[in-house]
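Chains as they are written, first to last, in numbering that gives the first Met the number 0: chain B, 0 to 230; chain D, 0 to 230; chain E, 0 to 230.
Hints may be right or wrong, so weigh each one.
If several chains are the same, the list does not tell them apart, and a pair holds so long as it fits within one copy or across any two.
Stated by the list, open to error - For lysine-lysine, the following DSS-like pairs were computed, each having C-alpha atoms within a straight-line distance of at most 27 Å:
| # | residue 1 | residue 2 |
| --- | --- | --- |
| 1 | Lys68 | Lys134 |
| 2 | Lys68 | Lys83 |
| 3 | Lys212 | Lys79 |
| 4 | Lys10 | Lys212 |
| 5 | Lys10 | Lys200 |
| 6 | Lys83 | Lys174 |
| 7 | Lys68 | Lys166 |
| 8 | Lys10 | Lys68 |
| 9 | Lys174 | Lys212 |
| 10 | Lys212 | Lys166 |
| 11 | Lys68 | Lys174 |
Simulated from the structure, these hints should not be mistaken for lab results. Small disclaimer: the values here were computed from a predicted structure and weren't measured.
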Amino acid sequence: MIHETASLGRKIELGAYVVIEEDVIIGDNVTIGNHVIIKAGTRIGNNVLIGDLSILGKTPSANQSMSRKPEHAIQPLVIKDDVKIGSNTVLYKGSSINNGVFIGDLASIREKVRIGDRSIIGRNAMVEMNTRIGKQVTIQTGSYITGDMIIEDNVFIGPCCSTSNDKYMGAGNYKHRGPTIQQGAKLGNNATLLPGIIIGKNAVVGAGSVVTKDVADNQVVVGNPARELNK
Amino acid sequence: MIHETASLGRKIELGAYVVIEEDVIIGDNVTIGNHVIIKAGTRIGNNVLIGDLSILGKTPSANQSMSRKPEHAIQPLVIKDDVKIGSNTVLYKGSSINNGVFIGDLASIREKVRIGDRSIIGRNAMVEMNTRIGKQVTIQTGSYITGDMIIEDNVFIGPCCSTSNDKYMGAGNYKHRGPTIQQGAKLGNNATLLPGIIIGKNAVVGAGSVVTKDVADNQVVVGNPARELNK
Amino acid sequence: MIHETASLGRKIELGAYVVIEEDVIIGDNVTIGNHVIIKAGTRIGNNVLIGDLSILGKTPSANQSMSRKPEHAIQPLVIKDDVKIGSNTVLYKGSSINNGVFIGDLASIREKVRIGDRSIIGRNAMVEMNTRIGKQVTIQTGSYITGDMIIEDNVFIGPCCSTSNDKYMGAGNYKHRGPTIQQGAKLGNNATLLPGIIIGKNAVVGAGSVVTKDVADNQVVVGNPARELNK
């Protein structure tokens, strides 16, 4: 089911039962798994690997209870060169995935997200809308990256971390602000960050910590609430 | 692959490689994504949106080690009007999803669950069997809703929350009891609730808190174990 | 799309749009769901149930930023008798799943994992590479089992638990060591284990605890950091 307006490069390896919609543009040397769905307008570079049962370029939707409605005029999903995408992933339109990025199985990335070169989005990790992720960032399996969040270069986020951008927990129509994680900072597994928190450069957050206030550059914090180690 | 006994209404938009089994009933103005599987007997209302690669009406199964076997005589899955269902979801038979509900990508809902009008089940959220969810409830991305749990109207559950219904951790064949979350209560991200806990009306549980005993109406608790704030 | 070199036993129930690659061997009395993909060389026993939209025998891949590259010479995936596999699962090659194992929907198991008889891998649980899981183990919904981990017989891991094997959080090319959970130990929901931790026989870790040092046989620990109960 490849739409006649889709443009495929050379050396395309195509799985079974694939759906490619109108105006999709695919580069050279791309492997497309079985049962993959590529939505209208999606642009894919060269040397890209797409796992089975994945959706690229999904349009956001909402119900009556959601205060934040998805925008209508949204750009196509853009995937650059040498990207590897796992199986059973759901990637929305309006996001850009840069060169050499790796996206694990069962991960999902919402609209208007930017991911820098060679970063890793682990299996089953969820990334919400409007978030910017730098270069060579590692986000491990099962971590939850909220919307309106900034993750700078070389940050390491262990498995099962949780972040939030909604201080008043659904109470109304105010500005959401996710955490900022500065260059080279590291989070241990299952760490919790509150909305708007800033984690300084090269800071370390221990596994299972609950971070309720900003962490300074190079600081190491642990516990619930997180406090500086050995103080 | 649409079974001849299936009944489809008017204005059905049908994706590629869809499987619709016997005795399925679908209303008017329904969009069915690619590679969707609708199991025997499932009933779907009007104005429903079903994302790609989703399964509706799955039959539960078990292995030898499970103390709780799934019941055999189980009703079909019922989906009411104006419901939106994400991609790669797995919804079991025996549950009912009321008007205007939104279910995110990669979510799963087990058998005998009831979900009230306009509630939101976030992406990758998991809901276990026999749980009742009220109206206008928000369950955010990645939260785990155990079985035998009651969530009243207008409750807000942040991302990555975890609940449990099994006090003796698999030790035998006793009655399981999940938490009860009363009207308007809110849970911050990555909060943990122990089995049988009651969270009172309009109570607030801070992010990363571990709730080991009941929380009174309007109380705000934080920490591990969770204690009243500023006390 | 069944490759001509694949060998299927008697009484195979085959869904729609299935892909079975070369040299796959399948026993008798096996049910294969719709849109299932079985990769080259995978071996499946008798009386096996495979849910819809699942992938069996996936080959690992990596990007430039990953210090641990997947091995090239890897054995096929081996699934023994009476195994039940959920929908939307992703199982890698090089692993072995023993008799009577149950794997929930949306779960994923990486390469070189061994799972003993009658164990349960819950819905949306993730298991990383090189991990050994004993017999009659229960891993509940959404738990994260890191790589290089040992889980002995009759262990119970509640929902949403998180483990880690990387003490220096991505800092280099050293040996990773996951936790060891000894016979009969139990973890409450959303517990966090640090790398290399040993949980002794029949020990109990409370819900939401953060375990930063070894736990002795029969000990009960709670809190962040976890300490012996009532001490």
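Verification of the supplied hints:
1. Lys68 <-> Lys134: between (29 Å within a copy, 20 Å between copies)
2. Lys68 <-> Lys83: This pair counts as between: shortest inter-copy Cα distance 14 Å, intra-copy 30 Å.
3. Lys212 <-> Lys79: Intra 36 Å, inter 44 Å, cutoff 27 Å: neither.
4. Lys10 <-> Lys212: neither (52 Å within a copy, 53 Å between copies)
5. Lys10 <-> Lys200: This pair counts as neither: shortest intra-copy Cα distance 43 Å, inter-copy 55 Å.
6. Lys83 <-> Lys174: between (34 Å within a copy, 26 Å between copies)
7. Lys68 <-> Lys166: Classified as within: same-chain Cα gap 19 Å, cross-chain 40 Å, threshold 27 Å.
8. Lys10 <-> Lys68: between (40 Å within a copy, 25 Å between copies)
9. Lys174 <-> Lys212: Intra 19 Å, inter 33 Å, cutoff 27 Å: intra-copy only.
10. Lys212 <-> Lys166: Result: close both inside a copy and across copies, 13 Å intra and 24 Å inter.
11. Lys68 <-> Lys174: within (14 Å within a copy, 42 Å between copies)
Of the numbered hints given earlier, the model fails hints 3, 4, 5; all others are met.
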